[in-house]
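Chains A and B supply the protein sequences, listed in that same order.
Just so you know, we're using my numbering here: the first sequence kicks off at 170 and counts up by one.
Just so you know, we're using my numbering here: the second sequence kicks off at 170 and counts up by one.
There's no promise every hint is true.
Note: identical chains are not told apart, hence a pair may lie in one copy or across any two.
[Stated by the list, open to error] List of simulated lysine-lysine pairs, DSBU-like, C-alpha gap at most 35 Å:
1. 218 <-> 232
2. 218 <-> 230
3. 230 <-> 512
4. 232 <-> 255
5. 332 <-> 466
6. 481 <-> 232
7. 555 <-> 230
8. 503 <-> 232
Derived by calculation from the structure, the hints in this document are not laboratory data.
Protein chains: 2
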Amino acid sequence: MNIDSLQFAHRFNGISGSAIREIFKLLAVPGMISFAGGNPSPDSLPGEKVGELAKVLLTEKGKILLQYGATEGYAPLKESLVPYLKDRFSICCVESEILPVTGSTQAMDLLCKALINPGDKVVVENPTFLGNMQCLNLYQAHLIPVDSDDEGIDVDHLEEVFKTEHPKMLYIIPTFQNPTGRTLSLERRKRIAALASKYGVIVAEDDPYRDLRYTGTELPSIKSFDTEGWVAFMGSFSKVISPGLRVGYLVAHPALLRKCTIGKQSSDVHTALINQAVVDQYLRQDLLMPHVQSICKAYGEKMETMLQMLSKCGGVARYTRPEGGLFIFCELEKDRDATALLKKAVDQGVAYVPGTHFYANGGHHNTFRLNFSMPSVEQIKTGMEKLSCVFSE
Amino acid sequence: MNIDSLQFAHRFNGISGSAIREIFKLLAVPGMISFAGGNPSPDSLPGEKVGELAKVLLTEKGKILLQYGATEGYAPLKESLVPYLKDRFSICCVESEILPVTGSTQAMDLLCKALINPGDKVVVENPTFLGNMQCLNLYQAHLIPVDSDDEGIDVDHLEEVFKTEHPKMLYIIPTFQNPTGRTLSLERRKRIAALASKYGVIVAEDDPYRDLRYTGTELPSIKSFDTEGWVAFMGSFSKVISPGLRVGYLVAHPALLRKCTIGKQSSDVHTALINQAVVDQYLRQDLLMPHVQSICKAYGEKMETMLQMLSKCGGVARYTRPEGGLFIFCELEKDRDATALLKKAVDQGVAYVPGTHFYANGGHHNTFRLNFSMPSVEQIKTGMEKLSCVFSE
Numbered sequence: 170m171n172i173d174s175l176q177f178a179h180r181f182n183g184i185s186g187s188a189i190r191e192i193f194k195l196l197a198v199p200g201m202i203s204f205a206g207g208n209p210s211p212d213s214l215p216g217e218k219v220g221e222l223a224k225v226l227l228t229e230k231g232k233i234l235l236q237y238g239a240t241e242g243y244a245p246l247k248e249s250l251v252p253y254l255k256d257r258f259s260i261c262c263v264e265s266e267i268l269p270v271t272g273s274t275q276a277m278d279l280l281c282k283a284l285i286n287p288g289d290k291v292v293v294e295n296p297t298f299l300g301n302m303q304c305l306n307l308y309q310a311h312l313i314p315v316d317s318d319d320e321g322i323d324v325d326h327l328e329e330v331f332k333t334e335h336p337k338m339l340y341i342i343p344t345f346q347n348p349t350g351r352t353l354s355l356e357r358r359k360r361i362a363a364l365a366s367k368y369g370v371i372v373a374e375d376d377p378y379r380d381l382r383y384t385g386t387e388l389p390s391i392k393s394f395d396t397e398g399w400v401a402f403m404g405s406f407s408k409v410i411s412p413g414l415r416v417g418y419l420v421a422h423p424a425l426l427r428k429c430t431i432g433k434q435s436s437d438v439h440t441a442l443i444n445q446a447v448v449d450q451y452l453r454q455d456l457l458m459p460h461v462q463s464i465c466k467a468y469g470e471k472m473e474t475m476l477q478m479l480s481k482c483g484g485v486a487r488y489t490r491p492e493g494g495l496f497i498f499c500e501l502e503k504d505r506d507a508t509a510l511l512k513k514a515v516d517q518g519v520a521y522v523p524g525t526h527f528y529a530n531g532g533h534h535n536t537f538r539l540n541f542s543m544p545s546v547e548q549i550k551t552g553m554e555k556l557s558c559v560f561s562e
Numbered sequence: 170m171n172i173d174s175l176q177f178a179h180r181f182n183g184i185s186g187s188a189i190r191e192i193f194k195l196l197a198v199p200g201m202i203s204f205a206g207g208n209p210s211p212d213s214l215p216g217e218k219v220g221e222l223a224k225v226l227l228t229e230k231g232k233i234l235l236q237y238g239a240t241e242g243y244a245p246l247k248e249s250l251v252p253y254l255k256d257r258f259s260i261c262c263v264e265s266e267i268l269p270v271t272g273s274t275q276a277m278d279l280l281c282k283a284l285i286n287p288g289d290k291v292v293v294e295n296p297t298f299l300g301n302m303q304c305l306n307l308y309q310a311h312l313i314p315v316d317s318d319d320e321g322i323d324v325d326h327l328e329e330v331f332k333t334e335h336p337k338m339l340y341i342i343p344t345f346q347n348p349t350g351r352t353l354s355l356e357r358r359k360r361i362a363a364l365a366s367k368y369g370v371i372v373a374e375d376d377p378y379r380d381l382r383y384t385g386t387e388l389p390s391i392k393s394f395d396t397e398g399w400v401a402f403m404g405s406f407s408k409v410i411s412p413g414l415r416v417g418y419l420v421a422h423p424a425l426l427r428k429c430t431i432g433k434q435s436s437d438v439h440t441a442l443i444n445q446a447v448v449d450q451y452l453r454q455d456l457l458m459p460h461v462q463s464i465c466k467a468y469g470e471k472m473e474t475m476l477q478m479l480s481k482c483g484g485v486a487r488y489t490r491p492e493g494g495l496f497i498f499c500e501l502e503k504d505r506d507a508t509a510l511l512k513k514a515v516d517q518g519v520a521y522v523p524g525t526h527f528y529a530n531g532g533h534h535n536t537f538r539l540n541f542s543m544p545s546v547e548q549i550k551t552g553m554e555k556l557s558c559v560f561s562e
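With the rest of the complex left out, here is chain A (with noise of 0.2 Å):
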């Protein structure tokens, strides 16, 4: 029989995988200045230091770390983490509230595989994250998109989709939003805690951008104010170590976080016990907030200097100013086609990711998302100049 004639399963119907990850494929090209991604900047990856750490634990511990694992997690990991949840989010929590996870990205699916039936309410930020919308997608879950301002999700509105849809989750990015980069306010993040508690839905907070904060003041976790354990919490270390040790954490109520350690012992039976040893090291060793705030310094510049570039950049109308995290969001006037616009870009050798990608349901083809972290601040200047003179056609 032709392997033609395979059925997938009914969850793929639409999808088409990441738009973003399609668009990086096209970046290949020597020279392109990319504001299309959301990667660190090379400078920020700590090669040697995680050689180091690598060879020192594989020797004294080498019995342990390639042996199996826990589905639970490294233990000394976990115990790490409760102090820097406190320190960092402020959020109180034991060992037995923790599970390290295959990057934050895990940690959505297996909320969502805990969680979501086919057809299941979700609501989520408009915009918003496309790869976790994708997860949802997967898991066959009805997005309820809720429009942002400034301030972040529109809480009244959200109170509103709670009473009358009864959402199974609300997925939400409180800081320097994806793509937005906007910060969701503390008397929301309050309300919000109180709301999911009040209506039983659950509140998935990916916070993976918190210590990347280059001005403003820094703000609790939406878990923080949970009483009730209604709030499930997703950390990363992507960000502000490296995205390719691919090691992030969930923090959740005992009851939830038994479902999702069982769905992870089918998903990849636990993380990778280097990766989780290495970024123990960072935390015990009190590697890691120098580490960040060198990454800040370099990055903060570089955000001043997009926004610096886009206060002058013809045809954006306008424009987000986060106070950290790696986006700014843009929109140029209503008749105008960021997708169309950006062949146009790509051939003068710059490239952006089109907004619409970050609606759930699509249109606002006006917007676009930049990233500042992996340019440098001179290919910012220059790339910047460029996107100018295509949107000023």
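Got chain A sorted already, so can you dock chain B onto it with the hints?
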């Protein structure tokens, strides 16, 4: 609202977690001799070598290996896998038919994600690896067990099931099967490849133990007889380098592999790069086969010791005689209960896994699985004497 009111997804109905991984937790007693796991011997884990490789790789290529990578996998590893697959498994394929994954457990998860709708029928060997049965159960597959004999699965019965039940998939471990240690004969391998194509059934061929052969002659994989693309081959480096690294791979028809790759985007984005790069070095520098030879020497001696002890073990009515792998499967007399006896065995300081967990429909309470890779030769002698006492009572 109290979190106790939280409803989990239907896929968790009846799922309680891996029985084996729960048994492992009971084995933390000092001095316990465990025949329960499927772990490599600690002596076989190359901590120093992996540490050296990791340091060199991260120092020289840290900017690449710590950055985000392609979901499709680390290109040098895929390049190295092509000749390895040809040489070791008689599989002729190109790089675009290979997907590195986070342990071969993820390969199974991705195949299910790509193919299985709730209620789809999947044929499994009776008994088979319970971890992947749990994976199938979480995708709400309807399992159809087919018995096996000393030459592996009963192919006449299998054809009957293919013809009458129209299953979506066959899950099979052809070499040194888990839990039986049996190897599928050459004729049956050819016939299964032909049946898959004739009836349009995907064969998920799981072959992690193949390189661990201590006697007898190597056989080509089922995949090597696949002409149409119905066989998907799952490989692993967990048993021959390290399970803690979590590196395996999937070889499949490009159309199927594409769906698996899209599924992997939202599972964990990509497999950790340094882990892929270490495995690549094992292949590229010809480190793997000499390492495998040293493992086989030690494991072969352990298997022989265990088979000798079994030949004089009280209460054991029957056992398999594998030519490699990690496991021997045993039967007590029909009326005895290996689960009840496990408690007595653990009290005596020795553990195994009751065989009932490996049967899709349970039963077979008089069976149990023994692992010989993890304990030392001395522990095998002592532990089997203890078991003989327990079973003779």
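Do the hints match the structure? See the list:
1. Within a single copy, residue 218 and residue 232 get their C-alpha atoms as close as 22 Å, and across copies as close as 12 Å, so both meet the 35 Å cut-off.
2. In this homomeric assembly, residue 218 and residue 230 come within 35 Å of each other (Cα to Cα) both inside a single copy, at 18 Å, and across copies, at 12 Å.
3. Only between protomers do residue 230 and residue 512 lie at most 35 Å apart by alpha-carbon distance; the minimum there is 32 Å, versus 51 Å within a single protomer.
4. With identical chains, the CA atoms of residue 232 and residue 255 are at most 35 Å apart both within one copy (32 Å) and between copies (31 Å).
5. Taking CA atoms no more than 35 Å apart as the test, residue 332 paired with residue 466 passes in neither setting, with 43 Å inside one copy and 66 Å between copies.
6. Taking CA atoms no more than 35 Å apart as the test, residue 481 paired with residue 232 passes between copies only; the shortest distance there is 33 Å, against 58 Å inside one copy.
7. In this assembly of identical chains, the alpha carbons of residue 555 and residue 230 lie at most 35 Å apart only when taken from different copies (31 Å versus 52 Å within one copy).
8. Proximity of residue 503 to residue 232 under the C-alpha cut-off of 35 Å is found in neither arrangement, the shortest distances being 60 Å within a copy and 40 Å between copies.
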